Each structure stands twice: as structure tokens, then as C-alpha cells.
Amino acid sequence: MSATSTIDKFFENKKQCQFQNWYDKFKAVTFSSVIIPLPKIFIDYLQSDDFSFGNGDFPEFRVEDNDLLDDNNWSTPTTITKPDPKYYQSNSDNEEESDDDDDDDEEEEENSSKNKRVIKQTDFPELLDKIKTAIEKMGGTVIPKLNWSAPKDAIWMNTYNSLKCTTPTDIFLLLKSSDYINHDLLQYKIKEEEDDNTTTPFVLVLRKWQNLHPSMEFRCYVKDNKLIGISQRDTSTYFNFLKDKKDKILNAIINFYDNSIKEKFNSSSFTFDCYVTKDDKVWVIDFNPIHPSTESLLFLWDELFPELIEDDEESLQAKKEDPIKEITELEFRIVQDENSIKPNLSMKSRLPLELMNLSNSDNINELLQQFNDQNKK
Amino acid sequence: MSIKAKPNLMPQDLATLKVEELNPLTPYVISRQATINIGTIGHVAHGKSTVVKAISGVLTVRFTSEFKRNITIKLGYANAKIFKCENPECHRPGCYKSYRSNTDDNPICERPGCGGKMVLLRHVSFVDCPGHDVLMATMLNGAAVMDAALLLIAGNESCPQPQTSEHIAAIEIMNLKNIIILQNKIDLVKEAAAQEQYGQILKFVQGTIAENAPIIPISAQMKYNIDVICEYIVKKIPIPLRDFTSDPHMIVIRSFDVNKPGSRVDEIKGGVAGGSILKGVLRLGDEIEVRPGVISKELDGKIKCTPILSKIVSLFAEENELQYAVPGGLIGVGTKIDPTLCRADRLVGQVLGSVGKLPQIYVSLEVNFFLLRRLLGVRSEGEKQSKVKKLSKEDTLMVNIGSTSTGCRVFAVKGDLAKLDLLTPVCTQVGEKIALSRRVDKTWRLIGWGKIEAGTLLQN
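Those protein sequences? They're chains B and C, same order as listed. Using UniProt numbering, read the first sequence as starting at 1 and increasing by one per residue. Using UniProt numbering, read the second sequence as starting at 1 and increasing by one per residue.
With the rest of the complex left out, here is chain C:
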């Protein structure tokens, strides 16, 4: 079974696939799928979307949320391929170039008079952060969802701006060690001012996780030094270690019904799940399971949950079709699942993997918890933070388990152990970490952490 190949993308062949030989640079993989995730961190006004567009060629959707012309841009994801020209006459950094995800693997070098062939070195995925749902999963499980970060600072403003400290904090939370600082809008200032700001940035990042990060002056608008960013992505970001050999495990962050309403039965396509593979490899034709699955109420009022069994009928990353998908950038999985079950993101927070290999489904948990003394600082200075009340019976809380969020109700507390009834079944395991939040002054506030010690399993 060979893929309906886009011309000039490397063919993938399941028959010869040896997962133990895969790595995040395998040509057959990066021809079609991004394998390195790079967070983009910075204030929107500093040109985050222009930078991503300059590198990836993907223009992201714009929104306004206020009548003020304060544009907030929701970036989401954009993928890019990074190439280097083979011609020895082509010098750095000009020999590095990035193109969209669906570009051929060997484009011709654009440098006038060069005509050399370019070689694909990396396929990266830019993820807008913070404020992303994989953030919590990262923190709780230490899974490196993000491999590196681009931190954006506007060259025409003094550094640090208040948000810059927050952004450094975000990088630290995500435990990102590989950072590239971009001093953007350099075209708007004189050289002396740029030099002065460079000094300010160096001083500012001292002692933080970004201390040794390279600082690149760029102009995303004028496409100046974009080649340097590409070069640094190749040279400064280590190849992440990925687990390709375990049973596949994907967290679902989207699910869709892609059918035209009123389609005939024989035309209907199965549901599509979108997400990120944490480990293992998914292949076309794989028999899969989605847990917890379909949740329904039975006649006696009890809630039943049926894991979904299905088969992978298509795999894609951006518009590239795949024969197999690996951990890294977001992928889409076409299945034979009844599409109405996938409609409107109904499978978000569930997990997809091999039949019978996914963790078990819990409906109540016993956790070893520790509560904060006070809420963490979000209030203005001077005001004291509210104390965190002890957990009490019947409290309703938000619980984050991996990439799942749900409600729970405390039904018993003893010392540093608590028993929690979950509002919806969750696929997890003993030893996993959870975060607990409570409604305080009408917003959800983090009150503590916990670890799963035991639980009640759902009956299948």
C-alpha cells in the first residue's frame, strides 16, 4: 500500500518500517511530519505572528477582542521545514532557509547564481504559548512537549518590559533549557540603540534559565536574519530524545466530524481525532482504542462508559499524508469511529492507543495531596493573598490529570489523603500527578497538587 504521494515528498512504506531505527531526523519522517516542537513566547505586539510567518510561511488568524485596536493574535500551530544549501559556495547564514511544511525535500537554492540543491535538516512545529493545554500535561508528567523556545523582545522598547519577566517565568515552568532570544523590529531603531538594548537583555537574563541563550537581532517584517534563526535552530537545539518503541499513546486535543451534513451513508467518513503522540508510533491500518470512550446514562440512572474500538484509515500532519506518525508535532488521525461521537471536540481529554494497552479508567481516586498556604500571586502588590482553606467533604474542585480537566467532589479526607469522586471517567494510573483548583472569587485558582495512590475502576 503506497501513499498517494505529494510529488517529491519521500514515500513512507510500512512494509520496511523499523521503529527502533527511527529518530527525530529520519528523512522519511521529517519529509512529512514535524518532530521538534518550539514554543513561541512573547507579547503579540512584539510581532510574534510576523516572526512565525517569516519562518513558516503560515499566516495565522487574527482576532480583536476589544474595540480598541489592540490586536490579539491566536497563533495556534504552524509548521516549517528548515533546509541548508549543499553548494559549498553558499556561506552561512545565507545557506539556511525555511519553507512551509508541504515543500519538496530538495528545493533549489534561491541565492542568485547558486542553483544548488537544498537538503532538509529539520521539520519543526511552532506552538504558541503560554496559555496552552499541553502546558499542564508538561508540568504534571514532566513530558517534554516543548523542546525549545523562541523568546521575542521588541527592539524598539526598553528591556525588560513587564511581560518579559512573565515570559521568562513561563519558560522556566515548562523547564525549557533551549532558548533563542529574538530582538525583533531592529529595522525601527538606530544601531546604537540596538546595541544598548542588547546589553539590557544580557543583564536581564542573567541568573535566569535564559542566561546563556543566544540573542539574534532580527526584523521579521523585513525578513532580516531569518536565516540566522534557522541556523540556530539547527545548531543550538539538541535533537530531542523520543520513545518510538513503546505502545503508542496519543492525547486527544481535538475531535471532529468532517462530513457534509446530509451525506449519504456510503459517503460518510469516520471521525477524526487530533492530538500529540507522547510515545510510540501510530500506523495506517492499526487497530486502536479510545478511552474512556462513549459516556452514556443507562435506564437505572447509572453512567456507563464504553471504550471505542476502531481502525486508523488515514494519518496526516498539516496537509501531508502519512503512513505512520511519530511523537512530535500535532497529527490528525482518521478513524472508522461514528463521526457524531467525535463532533464538536467531544473526545478532548481522552487517550488513543493500541487496543488493550491503554491505562485503566477510573471514576474515583484516592490522592496524596498537599495544599498551598496561600493562593499564588495574581493580585496587586500590598494586598495579602487569600489563605487556602483546607479540603472539606463535599467541596467541588477542578482536577487536572495529564491533559484532562474535569470536576471532582471530595467525599472523604484523612490527613494528607483525600478521596475524590470524578465527574467524568478518566484514563490514568496510580502514581500520576494531579493539580487541584478551587473556585475563589469566581475564578478557578490553583490550591495544590496530588499524586494518585488508589482508585475505583469503571466496570466495562
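Okay, chain B solo, but in the shape it has when bound:
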């Protein structure tokens, strides 16, 4: 196998939670899915910064009339903007770029050559066929994911503003736009000299798309084969009917855990996400490791696994001010707030890095100032 794991002391926990490691065992209690092993060329395709799609790959809309398609038909800008050449490129084709910029071109090319490889969908025809067949088999609409993650942070890069995919392009757009997928891709290192067709430890999972009700998704925490915590999965929404239904849901999940999960999973401590139907039938959606990268939702990891917490000076102080109790008996938490609208926490991924973490933003200020000035003109 061409893969080596990255350094991560919880990596063993993670490995057990890969989709291909649990799907067969839990097939009867989860949504039907197809697992497609991925060749190295597709991993390179996902890793590459080259992100281009040809004519016809993007959705076609019913439009009024499309003058825009005419290559000779261009608008005359209503206002002439002359951006500051210190920050902005000149767009005219004939103007020489300044010397300063030419210097480091080569160096940059070399540094990131592996991110620059240009791979087209037509370079992996067999895989493309497998994906198309799988979509058909799943009834025409699927949710894509890799070994661990679905590209939930990239749904803005989807026509339907969801994970719903009907074509291979829909899938590729989501996978290539997602930081969650990048996180998965970092888990195994693939040797560069391997042949394009070498099978990697990565798989593409296509699951039948379901219009699930987010109120009925729950994350369950298992410690030493004991179910100790259940949390509402969507932590930014209050559903007023959950309070009354809580006991029923709790019983359904406990029964499900005892009958279908307990001591069947390859690890004694893990989390699983499940869906409770209107008839209180429970389905597994996914397994996740006890790992810092798993969201603890309405719990703190400190409450569930205090022995794993590494304290620093600041956190010791916080602990003193606000002590945290370890959970020993099963606890079920739902959002208790009244009807207030809160932003969805995953919305951050709809912005570029610069605006997400505003670090070192002196340049941004100057640019925005200019930008605003120009807009006023």
C-alpha cells in the first residue's frame, strides 16, 4: 500500500470510523451506499489547484435571451475605475508587468508544482463511468463523501444549496471546494512516484440522497461500550416539539444502541450519528472517532472524556473559575432556547480565508478604503 498515516496519536480511533470499515457490518441499519475505491489520479485531481470546467459542465438554465453568449457583444463599463497599481493588476493584455513581479515566478512554480497538475474528467474515464452507474443505482440523486467527511461546508458550491448531486460534476465541485474533504485528504500521504492508477486508501462514498429532517438527527457518545451522551445534531436551531418527544427518542436510541451497535463496532469508545424516523425507527448515519476534529456539539469534551484533556495555563484558570463536571450517567441534550433566530455556524465557509480570519489585515483595510472611495464616485 502506498499510504502512510500522518502523525496523530488518535489516528487508530479515526481509522475504525472510515466508511469502508463499518458499512458492511451495519448495512441493515444505515442508508444504502456505493463505495468506490479511488485511484491516485483522482486524489491528484482533488489536490490540484487547477479548478476548471468546460462548456456544458455547468448547469444550463432556461433563460430569456442570451446576448452574453455572443463573444462580440461586450458592455461599456458605466464608470471607469482606475485601481491603485500598487495593489491591482492592469487588465490590458499588452502592458508589461513590472520587473519586481517577474522575479519570483519560477520559484513559485516549483514550490507548488504538485498543486498545479492539470487533470480533466476525461483523464479518468473508468472512474467517471463507475460514478455515473452508482448515481443511477442510487436512484439519480446522491450525497458524496470520502472516507470520513461529507463536503457540508461547500454546499454554496451546489445548484440546490445542499449536498444533493445528480451528475459527476456536481460531486467534483463539492469535493474540490471543501475544507472538510481537504482534512480527509491529509490523513494519508500518497507517494508522488506512484502510478496514476494505483488504488489509494481513499474511497468515494455515494449515498442515496434523503430529505432528512435536521431536528431528528442526533450524535451519540459511547465510552467504554457505554452510551453516555446524546446531543441534538443541529445546535443552532430550537425545535419546540423536541421537549415532548425527548423520552420517546431517548428510548428509541437506547434500544437501538443495545440491539444494533453495542459491542459490534471495532472500538469501545466512539461517537455515532443517527436519525430517528417518525415511527421511532433509528438509522445510523455515520461513525466518528473520539478525536479533537469531531465536534462535541452540546457537550464539552471535558465533560465526556476529561482524561484526554491537555490543560494549559489559560485553560487551568478557566477551569478554576468555571469548573466542569464529568458525565457518568447518560445525558440527552437538546437546544433549550426559545424561538430566536441564530446564524448557522457553518456559514463561515461561504467567505474567502481573508475575511474569515482577518489576520494581518492591514492590506485589506487599505484596499477596502479605496474600494469604498471608488464606489462613492
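No lab work stands behind these hints, which were simulated from the structure alone. Keep in mind it's a predicted model, so treat the numbers as computed, not measured. Backbone N, C-alpha and C define an ideal beta-carbon position, used for all residues, glycine too. Possibly wrong hints are sitting among the right ones.
DSBU-like cross-link-like pairs, simulated, lysine-lysine; straight-line CA separation at most 30 Å [to be verified]:
| id | chain 1 | residue 1 | chain 2 | residue 2 |
| --- | --- | --- | --- | --- |
| 1 | C | Lys223 | B | Lys246 |
| 2 | B | Lys137 | C | Lys297 |
| 3 | B | Lys278 | C | Lys393 |
| 4 | C | Lys414 | B | Lys164 |
| 5 | B | Lys245 | C | Lys269 |
| 6 | B | Lys264 | B | Lys245 |
| 7 | C | Lys53 | B | Lys246 |
| 8 | C | Lys260 | B | Lys208 |
| 9 | B | Lys132 | C | Lys336 |
| 10 | C | Lys223 | B | Lys208 |
| 11 | C | Lys260 | B | Lys27 |
| 12 | B | Lys264 | B | Lys15 |
| 13 | B | Lys116 | C | Lys390 |
| 14 | B | Lys25 | B | Lys189 |
| 15 | B | Lys130 | C | Lys302 |
| 16 | C | Lys236 | C | Lys177 |
| 17 | B | Lys120 | C | Lys302 |
| 18 | B | Lys208 | C | Lys236 |
| 19 | B | Lys152 | B | Lys245 |
| 20 | C | Lys433 | B | Lys208 |
| 21 | C | Lys387 | C | Lys414 |
| 22 | C | Lys297 | B | Lys152 |
| 23 | B | Lys120 | C | Lys414 |
| 24 | B | Lys132 | C | Lys387 |
| 25 | C | Lys260 | B | Lys248 |
| 26 | C | Lys442 | B | Lys9 |
| 27 | C | Lys387 | B | Lys40 |
| 28 | C | Lys269 | C | Lys311 |
| 29 | B | Lys189 | B | Lys152 |
| 30 | C | Lys311 | B | Lys278 |
| 31 | C | Lys390 | B | Lys120 |
| 32 | C | Lys336 | B | Lys243 |
| 33 | C | Lys390 | B | Lys137 |
| 34 | B | Lys120 | C | Lys304 |
| 35 | B | Lys246 | B | Lys264 |
| 36 | C | Lys223 | C | Lys269 |
| 37 | C | Lys297 | B | Lys319 |
Partial pick of chain B residues on the chain C-facing surface, computed with a CB cut under 10 Å [what the hints assert, rightly or not]:
| id | residue |
| --- | --- |
| 38 | Ile43 |
| 39 | Asp44 |
| 40 | Thr78 |
Starting from the known structure of chain B, fit chain C onto it as the hints suggest.
Using the frame of chain B, we list chain C on its own:
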């Protein structure tokens, strides 16, 4: 039709509503809805959530993202009402007090022996920032989504901490002129140290947008000087100018299906949209439209999009029911829309307004763009920033238009004009600004800006 009123909140009556007389202090409005948005900026370790809790009484959800006990708190929103005691015997700052959003309009003053009646002066909404989706909308459209900011600095640390510069930068980006600096955790230091830090802060903000901001020493933990914050919010933050008379326009940032799965047809409630009204007033019973609406694929493979027509059946801000909602804090709009269409935030990025009054729906755009020379600084010092490659045909980019984010594909470039195919239809108009970002080293990076010159309209 009168509202199922919470006791002691002012009744709202659509029959007598005159929108041209509304303002962000109208008693009928602020009894129920926040009208002033205040950003809270600061490092979580500096006690951001404790401050918000001290003012608003709202405890926000806590999360850990690491096994280290480095608590990151996702604040979201919290609303608070600010009151002043009418009793002339009650002196400042003690006569100012804040309570939760659902508090009666005239609580009794808590000062021992006072017994005076308190008057509601402001209803504010605290918004955690940066890293918020309305940020982009603010920048692109100059819409003042945030009216002021509280900047938090920990009194037991030297100033400036590296993050403080970032936070000042964030304030500048949002073009916030009204800032109140809070020197928190003052209970943990001696007076001399607090004085010294006060000097450091003054020096640090010199020449920045926060130069003339008042600095208040507080202890959120001990609830010390919270009344001073309230007083300053009332006295130092100007009443924002709002457009109440235009056709209503709301940006949708959440959408839900609130039904219990398996509910009977006659029990089912319509979908709920949450968001911020940019202008105009939404009323109970209003006929509304949501654009672009439902996106579906037809048999020939072409994508169709149908604006949603519906009716407002309920309005609320926090747990307060409304008869009408105005620009300001986040509100929820209950509709008769098929709830499955609203499920799981599917309407995020769409706009809600009066039927036929919303901007048109575009599927491709021609933009006048300007690209950065280099990516903006996020890398470590010394390293040169990567050059921004020119736009080329078939590039796939992220485009932010107002509060909408979507993908686009460049299909032609000529000089400083580019034609873009959008991945999903967008409700916008010629003249609006957009931001362009590209995937570089596997993250989305800002590469430039643009302005919409023309576009292709979706066929209805």
C-alpha cells in the same frame, strides 16, 4: 387582529401603523424587536460571552474544538433591552440597567429603597463578529448592518495583544465609527496596573478608527460597571438612519421546517425564514415572494427556478411576537411555504420581499473586475505572497454577491470585463458589487472585486 400579547409588552396594531412615522426608538417597535445592531469584537478568552451575558442575560452555547481546554464560544446573537430609572433620586450610572429581550417595558428599579419605574430607551442586538456572513454584505453594499461595536480587551494582559490589532482591523473593515472599548477583568488586577493598561490602550488606538472611543473598565464576572456600558450605549451610539418606507427587502440567513416529523396535514406549519430586513417593513398578512425560489431540473436537463409566492402568518424577534418587523435585529418570518422547501437552511442566500418588487434573477453576469496583484497577507512574514493569476476561461471561482455565495465559471474575458456562468441563480441587479475568490493551496482566497454591468435573466 390584535396580538396574543405577552403581558406588559406594548400592543402593535397594523390598523394604525404609519411606517413613515417609525424610527429605531419607536416604543411600539422596541418593546418587541431590537433595532440597533452592536458587534462584539474580542478574543473569547477575554470574556466575550460573559460580557454579553452580563448585559443581555443570555447564556450562549459553548463548544470545544480541541481536546485542549481552549474554549471557543460561538456567540451568535443575543438581544437586550436597556432601561433608565425615572426617579430623579436615582443617579447615573446606577439608573441604567439592561434586561433580556422579553422583559416588560416598565420594570421596577432594583436599587434598594428606590421603587421607581424604569423606562425602555433602547433595544439592541449583539452580533458576534468578525467571521459573520453579513460582513461580506456590509462590505460590498455599504449597508450598515452593524451600527456600533464593543471592543473587548482583557485587563490582566498587556495591550496590545496580537489579536487586538486584528480586531481593530475588523472594525475598520466594517466601517464602524461608534466604538466602546471595554477593559474587562478589572477585578483581577491592582489599580495601578489597570491605570497603566489604560495608558497602553490609549496609545495603541491612536491614529486608528477607535481613537476617540471611550474606554470603560469593567468586570463582567462581578457585574461591575455594566450600568456604565448601558449608559454609553444610550449616550454615545447615534440612532441609526433606517429606511422604513421602501418596499421590504430581507436577506435570508436561515430557513427551517419546524414541524414534528409525521405531523398530520392539518397540523403542518409552513416554512420559517430567518434573516435581517435591509429596508422597509414586513407586516403580518403581507403577500410575499422569495427569490430565486425553488430550483429544479427539468426532463431535458435544463434548470428551472420558480420564485416562491406566499403569505406572512407570523413574525417574531427572539420569543416576542410581532405584528410588523423593521430593519434591525434578526427576525423570523412564518409563512405558508411548503416546509420541506425551507428544511435545512435551503433558502439561505435568497431574498424575501413584496411580490413583484424584488430584483431580477440572473444566471450569468458580465462584470467589470479588478484583480489584486498578490494575495493579501495571511502567510508568515518574510515569505512573498503568491501572485494572483489572471482570470482565464473555464476558471471556477467563488463569487459573493450581497449576502449570497455561489460558484461561477469564467466563460469569456476581455480586458477588464469578464462573463461568468453562475452555478445557481442569484437575485441581484446591475451596478451591484461582487467579490471574487479562487482556490489557492486548497483554500478560498480573495483575488479581486467587480461590478455587475449586464447579465442573462432567468426565464420564468
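Against the structure, the hints:
no., hint, in the structure
1, Lys223/C <-> Lys246/B, "violated, 36 Å"
2, Lys137/B <-> Lys297/C, "holds, 19 Å"
3, Lys278/B <-> Lys393/C, "violated, 49 Å"
4, Lys414/C <-> Lys164/B, "violated, 35 Å"
5, Lys245/B <-> Lys269/C, "holds, 18 Å"
6, Lys264/B <-> Lys245/B, "holds, 28 Å"
7, Lys53/C <-> Lys246/B, "holds, 28 Å"
8, Lys260/C <-> Lys208/B, "holds, 23 Å"
9, Lys132/B <-> Lys336/C, "violated, 37 Å"
10, Lys223/C <-> Lys208/B, "violated, 53 Å"
11, Lys260/C <-> Lys27/B, "holds, 27 Å"
12, Lys264/B <-> Lys15/B, "holds, 16 Å"
13, Lys116/B <-> Lys390/C, "holds, 15 Å"
14, Lys25/B <-> Lys189/B, "holds, 27 Å"
15, Lys130/B <-> Lys302/C, "holds, 24 Å"
16, Lys236/C <-> Lys177/C, "holds, 11 Å"
17, Lys120/B <-> Lys302/C, "holds, 23 Å"
18, Lys208/B <-> Lys236/C, "violated, 56 Å"
19, Lys152/B <-> Lys245/B, "holds, 28 Å"
20, Lys433/C <-> Lys208/B, "violated, 38 Å"
21, Lys387/C <-> Lys414/C, "holds, 20 Å"
22, Lys297/C <-> Lys152/B, "holds, 22 Å"
23, Lys120/B <-> Lys414/C, "holds, 25 Å"
24, Lys132/B <-> Lys387/C, "violated, 38 Å"
25, Lys260/C <-> Lys248/B, "holds, 13 Å"
26, Lys442/C <-> Lys9/B, "holds, 25 Å"
27, Lys387/C <-> Lys40/B, "holds, 29 Å"
28, Lys269/C <-> Lys311/C, "holds, 12 Å"
29, Lys189/B <-> Lys152/B, "holds, 23 Å"
30, Lys311/C <-> Lys278/B, "holds, 28 Å"
31, Lys390/C <-> Lys120/B, "holds, 20 Å"
32, Lys336/C <-> Lys243/B, "holds, 24 Å"
33, Lys390/C <-> Lys137/B, "violated, 41 Å"
34, Lys120/B <-> Lys304/C, "holds, 28 Å"
35, Lys246/B <-> Lys264/B, "holds, 26 Å"
36, Lys223/C <-> Lys269/C, "violated, 42 Å"
37, Lys297/C <-> Lys319/B, "violated, 53 Å"
38, Ile43, "violated, 13 Å"
39, Asp44, "violated, 13 Å"
40, Thr78, "holds, 7 Å"
Of the hints listed earlier, those the structure fails to meet are numbers 1, 3, 4, 9, 10, 18, 20, 24, 33, 36, 37, 38 and 39, in rising order.
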